[in-house]
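Line by line, the protein sequences give chains P and H. Take the first sequence: its position 134, counted from the start at 1, is 129 in this note's numbering, and no numbers get skipped. Whatever position you read off the second sequence (first residue = 1), add 59 for this note's numbering.
In case anyone wonders, no lab produced these hints; they're calculated from the structure. By construction, the Cβ of each residue, glycine as well, lies at the ideal position given by its N, Cα and C atoms. Hints are not guaranteed to be accurate.
[Said to hold, decoys possible] Below, simulated DSS-like cross-link-like pairs (lysine-lysine); rule was C-alpha separation at most 30 Å, straight line: (1) H:LYS224 - P:LYS98; (2) P:LYS98 - H:LYS61; (3) P:LYS97 - H:LYS61; (4) H:LYS83 - P:LYS0; (5) H:LYS209 - P:LYS15; (6) H:LYS235 - H:LYS224.
[Stated by the list, open to error] So, partial list: chain H residues that the calculated Cβ filter (under 10 Å) puts toward chain P: (7) THR80; (8) ILE100; (9) ASP213; (10) ASN218.
[Stated by the list, open to error] Computed footprint of chain P on chain H, listed as stretches where at least three residues anywhere in the stretch have a Cβ under 8 Å from a Cβ of chain P: (11) 69 to 78; (12) 90 to 96; (13) 128 to 136; (14) 178 to 186; (15) 228 to 235.
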Amino acid sequence: MTKVKSLDDLRKMRDAVKSKLDLREKGDKAEKVVQIKVSMATCGIASGAKEIMTYFIEELEHRSIEGVVTQTGCMGYCYAEPTIEVTLPGEDPVVFGFVDTKKASEIIEKYIKKGELVDGIIPASYETIDKEKTK
Amino acid sequence: MKDLSMHIMDIVQNSTRANATLIKIIVNENPGLNMLQIKIIDNGDGMDPEITKQVSNPFFTSRTTRKVGLGIPLLIQNAEQTGGNVSIESDKGKGTIITASFQHRHIDRVPWGDIPGTITLLFSGNPSIDFVYSHHFNNEVFEIDSRIIKKELDGIPINQPAIIKFIKEMIDENLKNIGVDINN
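Throw the hints in and build the complete structure from the sequences for me.
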């Protein structure tokens, strides 16, 4: 039988990850990293949001960008799925629509790295959704 | 939905929106008995009987961002086309249990899809929620509990890339080990 990964293996790798993390944390604080939320309701999932989420997790790591990728619900832009919301440290969130891996790569290179805006931004009413939630 | 893992991702999203803090995904697979069952149990807000009746209606949704809710209707469609069904039990204030049953070998049963990737994304994409994923295949079982993982991690965030990769490989290897064929 082949050896499969277990909790023991996780324990073994934990310390290596931890020391790497400690080194980084001296420079950065958690709120200073880019935050990406992938819209993952029925509409997003059916349009391939999972692949986009995986892509961001892997590419941020490859391109040595510190970021947190999480899931969120439907933002109401079902026609433009997959959609993502990118929040650069200290900036307002920006929502991008029709994100495929090519667009995702462009967003990382131009918007996340340099702060340049790229095509595909969904303007407008994002704040009103938040307001509705708090009603 | 093209595969079962997409349905899992989708139904779990309902639980996260209902403020669940613990979501259990229990799979029972037995090709010999032609049985495949997915059960999703959450401790979220739950629904009263009126609402529970309505969720299989595609034109019902609790959200305000759009007017249709297709998650459960699509799951029902995929279950029923194999001769299976979906049942929903909900208790206001306690949580919801959704059970989808399929005929395992039915030609219209959609495949698993990327189960390891899906479960891993649930863990990493919702770091503040806990998940138990338990996959029974014939008489074998593989279970992964994010509470145990987080305890082992001892403060390292579960969405660290190295950890995400590890969890994905761990699920993949263990499912293969108990005989699950995720391409089917």
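Status of each hint after checking the structure:
1. H:LYS224 - P:LYS98: Distance ~24 Å between LYS224 of chain H and LYS98 of chain P Cα, so the pair holds.
2. P:LYS98 - H:LYS61: 23 Å, holds
3. P:LYS97 - H:LYS61: 23 Å, holds
4. H:LYS83 - P:LYS0: 22 Å, holds
5. H:LYS209 - P:LYS15: It holds: about 18 Å lies between the C-alpha atoms, which stays within 30 Å.
6. H:LYS235 - H:LYS224: Between LYS235 of chain H and LYS224 of chain H the Cα gap is close to 17 Å, so the pair holds against 30 Å.
7. THR80: With a minimum Cβ separation of about 15 Å from chain P (threshold 10 Å), the hint on THR80 of chain H is violated.
8. ILE100: 19 Å, violated
9. ASP213: Holds. Min distance 6 Å.
10. ASN218: 6 Å, holds
11. 69 to 78: holds (count 4)
12. 90 to 96: violated (count 0)
13. 128 to 136: Holds, because 4 residues of the region 128 to 136 of chain H bring their Cβ atoms closer than 8 Å to Cβ atoms of chain P.
14. 178 to 186: n = 6 at 8 Å, threshold three: holds.
15. 228 to 235: n = 5 at 8 Å, threshold three: holds.
Violation of the numbered hints given earlier is confined to hints 7, 8 and 12; the remaining hints are satisfied by the structure.
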